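If you read the sequences in order, they're chains A and B. All residue numbers for the first sequence refer to my numbering, where the first residue is 1 and numbers rise by one. All residue numbers for the second sequence refer to my numbering, where the first residue is 1 and numbers rise by one.
Since the hints were derived computationally from the structure, they do not count as laboratory data. Since this is a predicted model, take the numbers as computed values, not measurements. The beta carbon of each residue, even a glycine, is placed where N, CA and C say it ideally should be. There could be a bad hint or two in this list.
[Unchecked claim] Derived Cβ-Cβ restraints for the label pairs, each shown as a range:
1) H127/B <-> S61/A: 27 to 33 Å
2) T33/B <-> S61/A: 42 to 48 Å
3) G193/A <-> H12/B: 55 to 61 Å
4) A191/A <-> R135/B: 39 to 45 Å
5) E154/B <-> D210/A: 48 to 54 Å
6) E15/B <-> H175/A: 37 to 43 Å
7) Q2/B <-> V248/A: 21 to 27 Å
[As the list claims (entries may be wrong)] Below, a sample of chain B positions facing chain A; criterion: calculated Cβ distance under 10 Å:
8) L30
9) G38
10) D40
[Said to hold, decoys possible] Examples of chain B residues toward chain A, derived with CB under 10 Å:
11) T41
12) Q43
13) G45
14) V56
15) K57
16) L62
17) A64
18) V113
19) K115
20) G117
21) T118
22) L129
23) E130
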Amino acid sequence: MRDFALHRPASVSAATAAFAGTDGEAAYLAGGHTLIPAMKSRLRMPDALVDLTGLGLSGISRDGDRLWIGATTRHADVATGATAIPGLACLAAGIGDAQVRNRGTLGGSLANNDPAADYPAAALALDAVIETDRGSHTADDFFQGMFTTALAESEIITRVGFAIPQQSSYAKFRHPASRYAMVGVYVARHAGGWRVAVTGAGPGVFRWTDAEAALNAGTDTAGLVLAADDLNSDIHASAEYRAHLCGVMLKQALATLA
Amino acid sequence: MQMTLTINGESHSVEAPAASLLVEVLRDQLGLTGTHIGCDTSQCGACNVLVDGAAVKACTMLAAQAHGSSVTTIEGIGSEAALHPMQAAFRDAHGLQCGFCTPGMVMAGLEIVRKHGTKLTPELVTHELEGNLCRCTGYINIVKAIVAGAAAMETAHA
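Sequences are here, hints too, so could you generate the full structure?
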């Protein structure tokens, strides 16, 4: 790994200042479980890293109909602490492996927006509000395709508010080696209707609006077929196979609503 | 850069590049070679250590990220003369063959006890060991060792 300057700010404003003050490329560091491997393989060679874990952005609290989770809250802590949304806790408990869950963070996952990551599906299905140092984004506007979000270059996610649903569940078909989602489907029943989000299948997380409409209308979802046209096709799975898996994961998620 | 880490209960002040991985500082600067580098891609868990009590892969953490933290390595839990109950269980259950993955497996075992207590089932251990790879044993005896080691820890602390 190429060496870099490491900043450990104690406030959000100091973090953005360190980022802006970097001569060259700066990057934010949270759990580092995507960034450090990318730096080891020299896919990323930042001149400076700004560590966000000293900003006091960890913790889980409920405020009315939303569950707020700090950006640097570890997956392991969401798995045990997000009891108000069992589907979200269960999703966090299934990210990576035990050691990864002790390091990886919610904010890091959302900011990275890996097309096969789990958290983006929860954020979209749970109509999340993503608060940052300079405002807030709705999940519907936040995810903009593969590794792309609405975040400005130095913008920092501070906390995420998930709408607490009546019921929700997440089902994923894991890639047998990487354990990332080949397809993951998060279903959530809100007072205002169902939301269904799909990760892993396409170039970015997306809402499966046909499934939402069928669930809202109370019609059978068993015959729903997602068009394969825009889905990923690679050596692991064809687009048609991923489309099929979407239906299977939807069925599994609906069978395990909690 | 300068960093201070408490390793196995002892404070160490280390001068190392910011890009140094925790496993590199442990092995190359402090001579604690019990923590192994297997895949170097956060898959295999041979580099497992405990940071503030929680298991992490030391190949995917900067040493500087452990600044101010307490790190426990395989050297810190027992000695040849007095094995930790989890280490003794690996020996008794033949939970290793070549031994390369063993330090990480033992630390993973301690993480499982931290999270789930000392009464473990093989199914739970198998699930929780998802982040550790062994290419020799087929895992059966590793799982047995962790179940037995956890039970022995209960007795040791009773």
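- request: Verify the interface restraint on L62/B: the C-beta must sit less than 10 Å from at least one C-beta of chain A.
  value: 7 Å, holds
message: Less than 10 Å between beta-carbons is the criterion; does L30/B satisfy it with respect to chain A?
response: 19 Å, violated
- request: With a cut-off of 10 Å on the beta carbons, see whether V56/B makes it to chain A.
  value: 5 Å, holds
query: Hint check: is the beta carbon of V113/B less than 10 Å from a beta carbon of chain A?
result: 12 Å, violated
message: So, as I understand it, the hint says Q43/B touches chain A; can you test that by seeing if any CB pair is closer than 10 Å?
response: 8 Å, holds
task: Return the status of the interface hint for G38/B: holds when the least beta-carbon distance to chain A is below 10 Å, violated otherwise.
output: 13 Å, violated
field: K57/B as chain A interface residue, shortest Cβ-Cβ below 10 Å
entry: 5 Å, holds
task: Check the following: the C-beta atoms of T33/B and S61/A are separated by a distance inside 42 to 48 Å.
output: 44 Å, holds
message: Checking hints one by one. Is G45/B an interface residue toward chain A, by the C-beta closer than 10 Å rule?
response: 6 Å, holds
message: The hint says 39 to 45 Å between A191/A and R135/B; measuring C-beta to C-beta, is that right?
response: Since the Cβ atoms of A191/A and R135/B sit about 51 Å apart, the hinted range of 39 to 45 Å is violated.
field: Proposed interface contact between A64/B and chain A, which counts if any beta carbon pair is under 10 Å
entry: Status holds, d = 5 Å.
- prompt: Is the hinted range of 48 to 54 Å satisfied by the C-beta distance from E154/B to D210/A?
  reply: 53 Å, holds
Checked against the numbered hints given earlier, the structure breaks hints 4, 7, 8, 9, 18, 20 and 21 and satisfies all the rest.
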